[in-house]
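Chemist: Per the numbering used here, the very first residue in the sequence shown carries number 881; after that it's consecutive.
Treat the hints with caution; some may be incorrect.
Stated by the list, open to error - The following label-pair restraints were derived from C-beta to C-beta distances:
(1) D1011 / G1089: 31 to 39 angstroms
(2) I960 / T1115: 19 to 27 angstroms
(3) A1111 / T1069: 15 to 23 angstroms
In case anyone wonders, no lab produced these hints; they're calculated from the structure. For each residue, glycine too, the CB sits at the ideal point set by N, CA and C.
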Amino acid sequence: MAQTMLVGTIDCLSTAISIRIQHLDMKNQTTQKSMFQRASLMTAFVAGLLLTACVPQKKVVLLQDKTGDNKTTFAPMEHITDRYLLQPNDYLFVRVTTLDPKLSVFYNPALGGATTSTNQAESKFYYYLIDDSMNINFPYVGKINLSDCNLVMAEQRIRDAISAQLQNFTLVVRLASNSISVLGEVNKTGQYTMTRDQMTIWDAVSMAGGFTSYARRSEVQVVRRDKEGTATIHTLDLTDRNIINSEYYYIYPNDVIYVSPLRVKMFGLGESLSPITMISVVSSLVTLYLLFKSL
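Could you put together the complete structure from these sequences and hints?
Modeler: Written as structure tokens, this is what we have:
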């Protein structure tokens, strides 16, 4: 009797242990399956993120033939420099020279609102601020209004005003406040002085050190103010060669140029994601995937 009860007890324990083992096996399989699914999802997500980080060539190559007309010659734009009209807060370099050096001093003093240039190359020039009423205060002549004037017209107005008092003189007028600002996805953002009167958008980007790896070359914005002070924003597509025909192809003093970032920038991948880094990450993900699959 006792032996029969012992055998029964052992059978019950054996059955319970078997059921527990089967339960643990099923739980382990469920856990492994869940871990495998999570690893697969993580691999797919990161792989998709890496694919998103790859910048298509069409977004990087400049001057593409997007119209298919194979156009390689573009007519020159006329009167480029003359299109810029002077604005309030612009500075003009002005020098008056006569045969009598003593007389010349009267028209080139660092007085009457004029300030000597700190640039050695311009040491014989003086610059004059154009006020809100578009006047400059010229010594011994008084106020000269330069409304609606480009640089050539301004020189003629100053010449006419001086001619009422002085004959046989030489006049030189230059724009002193000829700077632009370049911001956004360029290597060296900042304010730059125009080195010549006719400069293109390419010159501006070059002065700023060129584009970064994640510059949206098809979305370069130029902010320009007119003589009334109204600002307009124009978007340029530098991947299209027809940009050469745009009126914004040439830049002017006081222009602000902003290079937009690509959307991938929001992921924080940045320029640190080199091809070697991408290969390393993908290899690790594949290894992780195979490891969970073999379990």
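Chemist: All hints are to be evaluated individually against the structure, with a verdict given for each.
Modeler: Now the hints, each set against the structure:
1. D1011 / G1089: 31 to 39 angstroms: holds, 36 angstroms
2. I960 / T1115: 19 to 27 angstroms: holds, 21 angstroms
3. A1111 / T1069: 15 to 23 angstroms: Hint holds: Cβ distance 19 angstroms, inside 15 to 23 angstroms.
The structure fails none of the hints (numbered hints given earlier).
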